[in-house]
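The task is simple: from the sequences and hints, build the whole structure.
So the protein lines, in turn, are chains G and Y. First residue of the first sequence? That's 65 in the numbering used here, and the numbers climb one at a time after it. First residue of the second sequence? That's 59 in the numbering used here, and the numbers climb one at a time after it.
There could be a bad hint or two in this list.
To be verified - Sample of chain G residues facing chain Y (criterion: CB under 7 Å; computed from the structure):
| id | residue |
| --- | --- |
| 1 | Pro71 |
| 2 | Thr74 |
| 3 | Glu78 |
| 4 | Gly86 |
| 5 | Leu109 |
| 6 | Ala111 |
| 7 | Val112 |
| 8 | Ala115 |
| 9 | Ser118 |
| 10 | Ala119 |
| 11 | Ser254 |
As the list claims (entries may be wrong) - Now the stretches of chain Y that chain G is said to cover, found in silico as 3 or more residues with beta-carbon under 8 Å:
| id | segment |
| --- | --- |
| 12 | 114–122 |
| 13 | 204–213 |
Unchecked claim - Label-pair distances were calculated between CB atoms; the ranges are:
| id | chain 1 | residue 1 | chain 2 | residue 2 | range |
| --- | --- | --- | --- | --- | --- |
| 14 | G | Gly89 | Y | Pro194 | 45 to 53 Å |
| 15 | Y | Gly126 | G | Asp72 | 23 to 31 Å |
| 16 | G | Arg257 | Y | Asp144 | 37 to 45 Å |
| 17 | G | Glu259 | Y | Glu104 | 18 to 26 Å |
| 18 | G | Arg130 | Y | Glu68 | 19 to 27 Å |
| 19 | G | Ser341 | Y | Gly123 | 52 to 60 Å |
| 20 | G | Arg90 | Y | Gly223 | 14 to 22 Å |
| 21 | Y | Glu104 | G | Gln87 | 48 to 56 Å |
| 22 | G | Ala146 | Y | Asp144 | 48 to 56 Å |
| 23 | G | Arg142 | Y | Gly126 | 23 to 31 Å |
| 24 | G | Ala261 | Y | Glu68 | 29 to 37 Å |
| 25 | G | Gln260 | Y | Asp144 | 25 to 33 Å |
| 26 | Y | Gly62 | G | Leu351 | 15 to 23 Å |
To be clear, the hints were calculated from the coordinates, so they are not data collected in a lab. Every residue, glycine too, gets a C-beta built ideally from N, C-alpha and C.
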Amino acid sequence: MSAQRHPDATALAEYRAGLADGQRGRRLAAHVATCDRCAQVGDQLAAVSSALASAPAPAMPDAVERRIAAALASEAARSSEAALASEAGQPGEAAPIPSRPRRTGPAGRVHRLRPLVAVSAAAACLVLAGAVYLVGFAHFGTGPTSSSAAGSSVSSPFAGPAHAAAGQALPVNGPQAAFGGQVAFLVTASGTRYEQATLAEQVRAELAAKSASERLNPSKAAAASSAPQAALAACVLHLTGNAVPTLVDRATYQGKPAYVIAVPDRAWVVGPDCTASNPDVIASTGL
Amino acid sequence: MDAGEPSDAELLRLHVAGDAAAFGLLFQRHRDRLWAVALRTTCDPEEAADALQEAMISAFRQAKGFRGDSAVTTWLHRIVVNASLDRLRRRPARSVSWSGDPEALESLVAHDSGGGPSAAAIDTRLDVDAALRVLPAQQRAALVLVDMLGYPVAEVAAILSVSEGTVKSRCARGRARLLPYLAHLRGDSAARGNQPGADTVSPEQLPSRMGDSHPPFPRGGGG
Numbered sequence: 065m066s067a068q069r070h071p072d073a074t075a076l077a078e079y080r081a082g083l084a085d086g087q088r089g090r091r092l093a094a095h096v097a098t099c100d101r102c103a104q105v106g107d108q109l110a111a112v113s114s115a116l117a118s119a120p121a122p123a124m125p126d127a128v129e130r131r132i133a134a135a136l137a138s139e140a141a142r143s144s145e146a147a148l149a150s151e152a153g154q155p156g157e158a159a160p161i162p163s164r165p166r167r168t169g170p171a172g173r174v175h176r177l178r179p180l181v182a183v184s185a186a187a188a189c190l191v192l193a194g195a196v197y198l199v200g201f202a203h204f205g206t207g208p209t210s211s212s213a214a215g216s217s218v219s220s221p222f223a224g225p226a227h228a229a230a231g232q233a234l235p236v237n238g239p240q241a242a243f244g245g246q247v248a249f250l251v252t253a254s255g256t257r258y259e260q261a262t263l264a265e266q267v268r269a270e271l272a273a274k275s276a277s278e279r280l281n282p283s284k285a286a287a288a289s290s291a292p293q294a295a296l297a298a299c300v301l302h303l304t305g306n307a308v309p310t311l312v313d314r315a316t317y318q319g320k321p322a323y324v325i326a327v328p329d330r331a332w333v334v335g336p337d338c339t340a341s342n343p344d345v346i347a348s349t350g351l
Numbered sequence: 059m060d061a062g063e064p065s066d067a068e069l070l071r072l073h074v075a076g077d078a079a080a081f082g083l084l085f086q087r088h089r090d091r092l093w094a095v096a097l098r099t100t101c102d103p104e105e106a107a108d109a110l111q112e113a114m115i116s117a118f119r120q121a122k123g124f125r126g127d128s129a130v131t132t133w134l135h136r137i138v139v140n141a142s143l144d145r146l147r148r149r150p151a152r153s154v155s156w157s158g159d160p161e162a163l164e165s166l167v168a169h170d171s172g173g174g175p176s177a178a179a180i181d182t183r184l185d186v187d188a189a190l191r192v193l194p195a196q197q198r199a200a201l202v203l204v205d206m207l208g209y210p211v212a213e214v215a216a217i218l219s220v221s222e223g224t225v226k227s228r229c230a231r232g233r234a235r236l237l238p239y240l241a242h243l244r245g246d247s248a249a250r251g252n253q254p255g256a257d258t259v260s261p262e263q264l265p266s267r268m269g270d271s272h273p274p275f276p277r278g279g280g281g
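Structure below.
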């Protein structure tokens, strides 16, 4: 046995991974069973796996997290605009519904179903957006809304913020113009100087202050707020996915004018000229 | 994962249906694992960040084409690994040569979450990070997924779009190649911190450690 050549580490590693079969496998098995040296190499191979398994995981750096979250938020804004534009405003560019007669072949059917599913999903979204819009009214209660207005929105969900979010079919003629004179959320101007390092904390503090002020003195809180410009409203609804934001604050970020927009679990910082087509997301953070 | 939270597949469906927040949630849920894959495959924090961002944007756009014939996590990992390998192909010089500059490794260690691992665990990581650079990228990707992240061979085969035999072969060759660098280390079983986010992955998506493994080394038994 001592005269036998030892298999190299790669052969032993392959044997351990179950890759050596047939005669080669039997030879390796017989050798390893009686060879201390090769048994030791086997232990060392196990130690390599063990060392790899026990190297502590690197945590994702905050800067990378923020960067990717911002990139995704901006991608979400772009894609929802494209979807809404094609659904709501520009039927000519809507997702193509094939006009050819259906074949029964399974492959062909799969391909044809996709755009149809996309269309109905987008339509469901629009209906959902209308519902969210109404929730927004009920919650804020400060806009010139009424039950009849709400009723008409229910019967006509496509008149909801979907159009507003697409930045279309919406008169841009003054601060009260958003949503045709109805306000789903208000813009505060806290003057907070948000900083990159403390963004999430500052947003949470601002939310707490806003909520306290609305509770203690609702009329004063409402007076200190204003309705968003249409472009800003469209921008905000894009970022939030048509959800009513918990905060839209005109402020500064890193010393420059910016809007800070928050939903319960996330906040974005956008430039002052944020629009639906160009959200200009400067930063984003989880809350 | 909490019972009330949507599954990965549900989040992806919501995303495809136009929910602007769904994909961000999916990213947050798996970001640490995906980061570990990108970082270990590229061996470079900058490249890893670029690769992961590319991958997430790409996944965001490809989501409509996701057929559900693999787990969402498998699909996400596949996109991240491919983006990482792509970046290495574009910049081959950086993938294989390591100057031995400790500061380069420092940046990998600097961002540890609170508490942090023991000094011994950090030593292990420094050794491991340096050693991984020795490997060809394909072997490294396989070994990172199987030995470091503990995914089953079948899962890794799906991620890498190769056969299970190829995964095993790449891992075996990689282990043999790392022998001179790592065999002196004894795994510190107390420092098994490399399965980030395990508590946020649903059971059917969370692979167990693979079968051809070895008994754990006793704690503190190393030298």
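Going down the list of hints, with the structure as the test:
no.	hint	verdict
1	Pro71	violated (11 Å)
2	Thr74	holds (4 Å)
3	Glu78	holds (4 Å)
4	Gly86	violated (14 Å)
5	Leu109	holds (5 Å)
6	Ala111	holds (5 Å)
7	Val112	holds (5 Å)
8	Ala115	holds (4 Å)
9	Ser118	holds (4 Å)
10	Ala119	holds (4 Å)
11	Ser254	violated (24 Å)
12	114–122	holds (count 5)
13	204–213	holds (count 3)
14	Gly89(G) <-> Pro194(Y): 45 to 53 Å	violated (25 Å)
15	Gly126(Y) <-> Asp72(G): 23 to 31 Å	violated (43 Å)
16	Arg257(G) <-> Asp144(Y): 37 to 45 Å	holds (41 Å)
17	Glu259(G) <-> Glu104(Y): 18 to 26 Å	holds (24 Å)
18	Arg130(G) <-> Glu68(Y): 19 to 27 Å	holds (26 Å)
19	Ser341(G) <-> Gly123(Y): 52 to 60 Å	violated (25 Å)
20	Arg90(G) <-> Gly223(Y): 14 to 22 Å	holds (19 Å)
21	Glu104(Y) <-> Gln87(G): 48 to 56 Å	holds (49 Å)
22	Ala146(G) <-> Asp144(Y): 48 to 56 Å	violated (26 Å)
23	Arg142(G) <-> Gly126(Y): 23 to 31 Å	holds (25 Å)
24	Ala261(G) <-> Glu68(Y): 29 to 37 Å	holds (34 Å)
25	Gln260(G) <-> Asp144(Y): 25 to 33 Å	holds (30 Å)
26	Gly62(Y) <-> Leu351(G): 15 to 23 Å	holds (19 Å)
The structure fails hints 1, 4, 11, 14, 15, 19 and 22 (numbered hints given earlier, in ascending order).
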